[in-house]
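Chains as they are written, first to last, in the numbering used here: chain A, 1 to 197; chain B, 1001 to 1563; chain C, 2001 to 2342.
I should point out that these hints are in silico values taken from the structure, not numbers from a laboratory.
This list has only true hints and no planted wrong ones.
One side of the interface only, derived from the structure: several residues of chain B facing chain A at Cβ under 8 Å:
1. Leu1189
2. Ile1193
3. Ile1196
4. Arg1203
5. Leu1227
6. Ala1235
7. Ala1236
8. Met1239
9. Leu1246
10. Gly1247
11. Gly1248
12. Ala1255
13. Met1261
14. Phe1265
The beta-carbon is built from N, C-alpha and C at its ideal position, and this holds for glycine as well.
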Amino acid sequence: MATIPVVQNKYEEWRLPSRGASGMISLIIGETALFSMFVLAYIFYIGKSVSGPQPAQVLDIPVFMTICLWSSSLTIWIAERAIEHNRMKQFTFFWGLTIVLGGIFLGGTALEWHRLIYHDGLTISTNLFGTTFYSLVGLHASHVVVGLIMLTAVFIFTLTGHVQQKHAYNIKTLALYWHFVDAVWVVVFTVVYILGR
Amino acid sequence: MADQTLPIGGALDITPQKATKQSFFEWLSEWFITVDHKKLGILYISYALVFMLVAGVEALMIRVQLAVPNNDFVSPQLYDRLFTMHGTTMVFLVGMPILFGFANYIVPLQIGARDMAYPRLNAFSFWLTAFGGLLLYYSFIGGFGLYGVGTAPDMGWFAYAPLTEKAFSPGHAPDYWAIALIISGWGTLGTAINIIATTISMRCKGMTLMRMPLFSWLMLVVSGLTLVTITPLTAAQIMLMIDRYLGGHFFDTQAGGSAVMWMHFFWIFGHPEVYVLVLPAFGIASEIIPVFSRKGIFGYAAMVAASVGIGFVSLGVWAHHMFTVGMSTPTTTFFVLSTMLVGIPTGIKIFNWLATIWGGKIVFATPMLFCLAFLFQFLIAGLTGIMLSAAPWDWQLHNSYFVVAHFHYVLVGAIVFNIFAAIYYWFPKATGKMLSETLGKWHFWLFLIGFHLTFDFMHIPGILGMPRHIYTYMPDRGWGIWNFIETIGAFVQAIAVLVFLYNVVISLMKGKEAGNDPWDAWTLEWATPSPPPAYNFATDPVVNSRRPLWDLKHPEDPDWKYE
Amino acid sequence: MFTGISKVLRRLLFTAGMTIALPVSAWAAGVQPGTNMFAPASKPAREIESLAIFILAITGGIFVVVGGALLYAVIKYRRRKNDDGSEPTQIFGSLQIEMAWTIIPIMIVVVMFLTSARLIFAIQDAPKPKESLAITVVGHQFWWEVRYPKYGVVTANEIHVPVDEATYFKLLSADVVHSFWIPELAGKTDCIPNHVNTTWILPTRVGLYKGQCSQFCGTEHAMMLLRVYVQTPAQFKAWIKNQQKPAVEDPAVAAGREVFMHNACMDCHTIRGTVATGRFGPDLTHLASRDTLGSGSLSNTPANLRAWIKDPDHFKPGVLMPAMQLNNKQLDEVTAYLCSLR
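Just need the whole structure built from these sequences, with the hints factored in.
Given below as structure tokens:
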């Protein structure tokens, strides 16, 4: 019987940061590095395309979809608060609203790309602008898609009644990812639509 | 202090349950579906050892080809594939998996946890990594089609664009390279996240961050570093794939793309990667050297600070791989400074190990022998690193065999030596059997001699102007004799590895019983039975100092008195 | 105060390190393969050599001190046969000692950094002298294109420069990344597509200096050799004068000329004064005046030339020049023609 002397109850209050937050923050740090490379490439290649079209000729500032995406960060935050206080109806509504707003953003991107490809003739292989634009915006959009899939899964389980107040913590961890996706759009928006034009 | 006592979990006398007789398929499926961190650790290590043999054979073929000038043992095309696959394999399929394997096995035990933070993610990560490795090697038969002469990657492990663009590499070689590494990179990312969450959130009662064993600390730093180094590589590889498959222009110099940008992106990954590999090796040394010197680690806080410091500084030194690309003078000067600064925390570490030995009673068991050799070799590797950091001299040394010698001094002289040390040290814990000390000493001395024959003499042709990646050379250059000696050394190392493998097999079958704590060590993993039960510790352990087992063995002079 | 410390430190380390550095460099200087960085024959290479010896001395000193301490500790503190089994005194650290071995390395780093930085500026930002030769070197997959814009001379793989005069190289690439390296004349500089680099030499000794591509560039990276002939000004002038002439037109080899011009040879090679103006392969206007073929992979003799044309892949597997499937008669003729291009 191996024993060591300790002060009893000394570690009653032994608390460590939660697994979920540690993991999700780590993932976000890694994703940030991934996005940084695409952002750096975009900035490096601004104005380096040897042929047209140039950003200023074809890009419009996507005001509406940007507002939608950013306000989805607010709605998901309200949803987080709601589930913490066990207001499930409010949670369901705002969670659903977040999905709708994210969906509008994706739709906006789809329309923008459709116009660029069929009207302006800009594809990923047209020039350096096309290559970097579709890669960066596409990488972000793919993260929105992944986020929406996860949000929708939660939404479905909420409707079936599987998501309850005790899951508030998991919901917050997931919401962290959505906040990250919104924050990335701040950078992408600034670089692509303001700096790059 | 009151003197109530609490048990260290698992040290309780629990007789392991006798395994019921399994069929082969049951046994196999148990390993396939396992989410136990110990089984996954062993899977990682075995997987890496298999690839180490493969990449070792590739290295031998390279050495045979270079043994004499104008040799035609292999064709230039095959030679290019050999050095590309040797480098890629050793870094991605041997170095990282084996070190993450040790982390998987040891970290939860050392911090008194029952498993990793995310056991299923852990299994998923391993199988991703494994699949990446298999995909990379499938390229030997894949390539243009299934007709036996595949196009394995042949553009160097650094894959400089635009050589990898469709125009210059029309086959599928760079695709295998990029996709295999993206996949195994995801696995690595998953494991890194897992280790961070484990060390942050799963420590047992009393294990504050400043009481965490150094190996676990180093794995925390390495995992943090991995998050921000693997992803840039993934980004660069995605860009390369966009160029190759969607007609993008990231690295297409005809359309305004930049070859230098690939170099930046690659080395933003590539240099910290060296630290991702070497920091766990430092962690291993920091576990083994104190135990076999019979003294606690000297300057624990400085060791932690130096490790974190190395982690941060390593993110700002990448362009020292690019002193010859024509960077501006201020940029070059900046990277000279940042690179030389790495020498300071590294020096602190060497001095701390030295001070740990100083005044101890050194036991020359095989793990310690490997660690002592590591200290000398790492000293030399660090000093040649300083030579390379002086940019003007690097203009001469860059891409010469001097560089090859330098980084093999780090990768073999430091990392592989410590990996062997770790295997000899923790093998008893994982299997319950000791590795043979006699064979271990044969292994050590042969490997040491072979290593020095190969890599000491490799510096010389570099100084005499021999560049890397050449499949042959002219007899009038005076490089022949040195290359011949290196080749002999390579075979001595190969024999040493065979001795090691024999040792593993023979010891598994009839090795000495290890018992819980064969080395009289001090960290928590030695408090559980060998091999540990699936749940690791019967009750959650509680610790009061950095060396809980020291406290246990020396109640008259416990460590917590000094904290 | 700082300079005082660094001076003492420098002297101390220098003495210790010289015991290692001097024999190494003396030995290295004795070997003469034509690519030895410790046998410099040009200004930047010589300055780099002195920096190298300085750094070798410091690092050698560190090796002697730290390695010696390690060896001493390993021998002194081994567990003896008559050990009583007790544990040694546990020591967990010492602020003073740890401060010392943090600060001393910092000072050494500062010294080495300043020395290196000075040389980086001295070489990279050296003022360009008024009188200097300008040469453009273009890396191609597995050979070097060499252009003298001022003289209108184009050649390949063998560079001629005058002694005691600065030569500035403009480095370009036609395809992938290459690296231009002649160890005894200067450090290496990459040839990168879509990116202009420069480097310079100031050779002080007449002779032949060798080098080769030192950035992996494909299958025949190993056989992308370079030769630099440092000549007296008179020799160099004579060489330039000969190179400036259009190709020799010898009626005796007219048949070979026909073969060359009526095959794909002319699509890739230039022979000035003829219809052959290809740019994918080396300029052959004065092929016979060169010492080597295939970017230094074999010496330039008629027999070698004939065999090379017959099957370049035999000598340089992976070379981009195809075997032209000429018959024996054509081979003889075209070899005779190319041998006439002095």
